[in-house]
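Could you build all of it, start to finish, from the sequences and the hints given here?
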Amino acid sequence: MRKRVSKQNPKRTRFIILLFLAVLLIGIACTGRFLAPFDPLEADFTVSLQKPGGLHICGTDKLGRDIFSRILCGAGTSFSLTFLMVTVTSLTGTVIGMTAGYLGGRTDTMIMRFTDILLAFPSSVFAIAVAGILGAGIFHTVMALSFVWWTKYARMSRGLVSAMRGKDFLCAARFSGVRGISMIRKYILPNIMPQMMIMATLDIGSMMMALAGLSFLGLAAQPPAPEWGYMLFESKQYMQTAPWMMIYPGLAILITVMIFNLLGDSVRDLLDPRRNN
Amino acid sequence: MNKRIISFLLAIVLCMGMATGCGNNDHTGTQTEGNEAGEQSVSAENVSDEKHLNVALFWVSTSVDPAMNYDGWVLSRVGAGETLVRLNMEAEPEACLADSWEQTDENTWVFHIREGVTFSNGKGVTAEACKNAIERAFTRNVRATEYFNPVSIEADEQTLTIRTQEPCGALLNNLCEPLFSIIDTEAKEETIAYAPVCTGPYIITEYVPDVKVELVKNENYWDGEPGLDSITVTQVADSDSRVLALQSEEVDLTNTVDNSSLELFRDESKYEIHETIGPRTNVVYMNRDNKFLSELAIRQAISYSIDRDTYAGLIGGEKGVGIYSTALACGEGITDTYTYDPEKAGEVLDAAGFTDTDGDGIREKDGEPIILDYYLAADHGSSDAAIIAQAIQSDVGKVGIQIHLVQTENMADIKDSRTFDLCSANDSTAPTADPEVFLIQHYLTGGAGNYTYYTDEKTDAMIRELSSTFGTEERQDKAREISQRILDDATCLYVSYITGNTVNTTKVKNVEQFPIDYYVITKDITME
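Line by line, the protein sequences give chains A and B.
Numbered by my numbering, the letters in the first sequence go through residues 1 to 277 in order.
Numbered by my numbering, the letters in the second sequence go through residues 1 to 528 in order.
Treat the hints loosely; a few may be bogus.
Derived coverage of chain B by chain A (criterion: at least 3 residues anywhere in the stretch with Cβ under 8 Å from a Cβ of chain A; other residues may be distant) [claimed, not checked]:
no., region
1, 360-367
2, 396-407
What follows is a set of in silico ranges between Cβ atoms, one per label pair, in the way DEER data are often shown [said to hold, decoys possible]:
no., chain 1, residue 1, chain 2, residue 2, range
3, B, D358, A, C30, 21 to 31 Å
4, A, L91, B, H404, 50 to 60 Å
5, A, P37, B, T205, 56 to 66 Å
6, A, D39, B, E272, 53 to 63 Å
7, A, P37, B, K270, 38 to 48 Å
8, B, E347, A, D39, 54 to 64 Å
9, B, Q247, A, G53, 26 to 36 Å
10, A, R165, B, T62, 55 to 65 Å
11, A, L91, B, E206, 53 to 63 Å
12, B, N69, A, G53, 48 to 58 Å
Everything labelled a hint here was simulated from the structure, so no lab data went into it.
Beta carbons: idealized from backbone N, C-alpha and C, even for Gly.
As structure tokens, then:
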């Protein structure tokens, strides 16, 4: 018993620390605009490519814009888009998957075959194709990624719901007259929620990377938007002459993605009953 | 224990794989590999003696048929194609395949084709062969008629007579355009598309569209022995990748390196940088089809609000004033009508009734804010367009005009469909060192490249007059007048004049940067 307690405590401590860091990052993202010492869009050619130090702690870019301010303001763009997309895709996917799993039969087959088709599209390649047809821009890219990203949630939730079929507590609920949406809301959803939350938390990092990657290719954020991926794209030309333009946005992405990935792992450690056993 | 042994074995296999992968990276070696050990050692010796040059260019076209699009430029850059006349380091026409010429009347030019010149297949270059090549250009490319309109081209042994419909003062310069490269037209069309038979110092042996061109020395070259045995020209569209390729010595010569990266090659013991101001201009078109840009006040305000001096400092080159760069006589002596003066920009807008009534920082008229779409694309292997666009957006925003930047891959479509308000361009304003063609294309009413819908009867008349003006000085004076008139009307934003550059390792000798950018590989280039 004592052994079990000592094992659980570090997990919880780790989770609390990571949650604190994640909340801190979200806080910075929300208040970035107010914390930024300079206007992230205003060019000041007199301080072009200034090394980190003095007024510009992360240096300046070719147009003399303060990189620290751009990172702070860019956090807002990256976070809001990531959370929006993770929320939308996880909710959409879960609802579709649960419906397929619960109803079964022909509906299940049709939904899952459609999901299989979408799963065949590599998300980034699909987003590039969409941007190629509709034009580059955050809206088009987010739309394209969302269109293919929900499928894994659908697959997962459908699998979990299918595995639940015939379980005693569901039979009992059915005998008590519970049907349809009430059954899903009261009995199915609470049982698959932990797994879906783990998946969504783990997905934050990947989503952030996908968006930054597309911005790096010039397909998502457009100039002069202070977006981390686009900042990396802009720094490419100055990789050797002004490395600070690449290092600081790169570190921002690295730290953020790492914190959210570790948080996802931590949530899984806490919520996954099999791991806890 | 078993696991450990397996892991150990796997690690050994992995290390062996890495060693194999990193081992032989010598491309020239693999080209001459033999089957037997003895053969290999012989070929290795040959390779070390061979003067092979690796070049990275920003563009290798989809064909090397000089009559297709601008593909002749690639043919000329790689040292395969030649024309009757060529432009020298001062951008003046000098003898090439034609060793002399004479203008017998306003419309007639007689060229004497150099004796003893042969195509790379050994056939002699006669006036008839030149006639066929030039006529082929006219049948394949509409651009040819922008240079001159021949009534007849006659060939008599080594004498070529060209009669034009109207007097053409720029004929000599215009014949330097690689579109009029002299090729053996009796070759099959497929051959012309991928390996045309030309007269230049190098012969194309292999061509992969959009990827690379392999060339070997033309042993029968008429103007002395070429300095290299073979050349590989690879397309590396991205400027940063070209920089890295040169640093890693994957290539020994490249060009159009971005200004910010030139610093990396200042070590004279390793690299040589050759720079010359050319006729290329970083320009921003203002589409008069847009209701705001159709108003002179808006165009003037934008022109006043951009700090071209600073932009030139950021991207290199010279501050732009008018259409033509200072590489041409007509680019000098232009009055800068719109010197940087944001306050004046504000005054012009106020006087025209564009004011910010709702306090959002954007000026409006009749309740409609001035918001313009600015299309930009990486152009000619340079990323300067993005820097210029963001700088203009920032400066113009300060006077109350909002610019929305749109990056695009296919600028040609945007220009052709005229769906832009503002758009970036990197224009060679005098592709044959003569100012006329560019005016006809871009500023004559209905010109093929008149993307801004510029129309002015007086300018049209002046351009027509220029066509029939002879004498370099007179032509340059007339072009200067037209350039000033177009500038005064705030037609485009002439941001900067581009300094062309070529960078090579010190192993490569006799490299020159020509003002006209369709000359890169010359017969004089050699290797230590």
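Results of checking the hints against the structure:
{"no.": "1", "hint": "360-367", "in the structure": "violated (count 0)"}
{"no.": "2", "hint": "396-407", "in the structure": "holds (count 3)"}
{"no.": "3", "hint": "D358(B) to C30(A): 21 to 31 Å", "in the structure": "holds (28 Å)"}
{"no.": "4", "hint": "L91(A) to H404(B): 50 to 60 Å", "in the structure": "violated (32 Å)"}
{"no.": "5", "hint": "P37(A) to T205(B): 56 to 66 Å", "in the structure": "holds (59 Å)"}
{"no.": "6", "hint": "D39(A) to E272(B): 53 to 63 Å", "in the structure": "violated (42 Å)"}
{"no.": "7", "hint": "P37(A) to K270(B): 38 to 48 Å", "in the structure": "holds (40 Å)"}
{"no.": "8", "hint": "E347(B) to D39(A): 54 to 64 Å", "in the structure": "violated (25 Å)"}
{"no.": "9", "hint": "Q247(B) to G53(A): 26 to 36 Å", "in the structure": "holds (27 Å)"}
{"no.": "10", "hint": "R165(A) to T62(B): 55 to 65 Å", "in the structure": "holds (58 Å)"}
{"no.": "11", "hint": "L91(A) to E206(B): 53 to 63 Å", "in the structure": "holds (56 Å)"}
{"no.": "12", "hint": "N69(B) to G53(A): 48 to 58 Å", "in the structure": "holds (50 Å)"}
Of the numbered hints given earlier, the model fails hints 1, 4, 6 and 8; all others are met.
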